[in-house]
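Asks: Going by full-length UniProt numbering, the sequence shown opens with residue 1, and the numbers climb by one from there.
Hint data in this document are derived by calculation from the structure and do not stem from the laboratory.
Some clues are possibly wrong.
With a cut-off of at most 30 Å between alpha-carbon atoms, the simulated DSS-like pairs for lysine-lysine come out as follows [as the list claims (entries may be wrong)]:
#1 Lys187 <-> Lys173
#2 Lys173 <-> Lys119
#3 Lys173 <-> Lys268
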Amino acid sequence: MDVAKVTEPTGRDVVSGKSVGGASAGGNKNGIRLLDVASLSVEGSQGHANEDRYVVASNERFHLLAVMDGHGGSWAGDFLVDKLFQAIDEVYDDGFDHAKLRRAMEELDRTFCAMATRKSDTSGACLLAVLLYVDPNTDTPQKIVMNIGDCRALMVDSWECTKGDAAITAAVKTVALSEDHCAGNAKERMRALRTGAFIQNNRIAGVLEPFRTIGDIDMKGPDMKNWVIPTPEIRQSELLVGRSLLVIATDGVWSVLSNNRTMALVVKEFGANGAPPSAESAAQAIAKEARECGSSDDITVIVVSV
1 MDVAKVTEPT
11 GRDVVSGKSV
21 GGASAGGNKN
31 GIRLLDVASL
41 SVEGSQGHAN
51 EDRYVVASNE
61 RFHLLAVMDG
71 HGGSWAGDFL
81 VDKLFQAIDE
91 VYDDGFDHAK
101 LRRAMEELDR
111 TFCAMATRKS
121 DTSGACLLAV
131 LLYVDPNTDT
141 PQKIVMNIGD
151 CRALMVDSWE
161 CTKGDAAITA
171 AVKTVALSED
181 HCAGNAKERM
191 RALRTGAFIQ
201 NNRIAGVLEP
211 FRTIGDIDMK
221 GPDMKNWVIP
231 TPEIRQSELL
241 VGRSLLVIAT
251 DGVWSVLSNN
261 RTMALVVKEF
271 GANGAPPSAE
281 SAAQAIAKEA
291 RECGSSDDIT
301 VIVVSV
């Protein structure tokens, strides 16, 4: 398990991770200081190389924290590692317009699908991206969550951690920042059915579990129009600086761990009675617990204290 952890700027605007290792970007040059950041990605036991990817990046305008859950190959995830930060930066205009962000993600999908068609590459990727920035109009810290697929983001801004004789007990109020785009999401299932989508065994065409992805050209042909879409669901709210913990992870975690269990692990690793926080140990604890609970998928986790 290779963990990259950086709490100060690295001197590069964009720092990305592909399979394992990499680095993360912190600092406060855009008005929001990331107090502690850790990212890790570990290969599963399904007989293929790690297809997950992540990006942790920043400039003077915003921080980007993103995970990509690849499938059918790694090309879609690699494409997002290379192109995502620039695509988001190009639509920044004293803040972020949600419609422009949606169009930017849809354009990334069109570009990738055109390339994939020429190469007959059917890989795809789910994407969960969190943007942290200070709104220049209101001078308030903001968080934007863009979700395409079944990666997930959680946050907790209040918790209580007590130390007993044998263990640390964590009481948390977990806030889900995204909803999975899959058959279990009634609204998303209805969206797909309205397009005429064929859903079998909770999968599009009996094959694809997430209902929104980047790539997957074999699921986006003319006879399957809008069955699977790249349009992100976007949520925005004020960020409580100095008291928030954020977890972003791929489906290798969420297939076996509940939201509350995951965040309880994070809070316990951040210690009781004012002990120094550790995003690194929290990320490791999540991955370890997911493996012990039976996850065989690739696992990618970003933990942030802000």
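Asks: Look at each hint and say if it fits the structure.
Replies: Hint check:
1. For the hint linking Lys187 to Lys173, the alpha-carbon distance of about 25 Å falls within 30 Å, and the restraint holds.
2. About 47 Å separates the Cα atoms of Lys173 and Lys119, which puts this hinted pair outside 30 Å; it is violated.
3. Proximity of Lys173 to Lys268 is assessed by CA-CA distance (about 13 Å); at most 30 Å being required, the pair is judged to hold.
Of the numbered hints given earlier, the model fails hint 2 alone.
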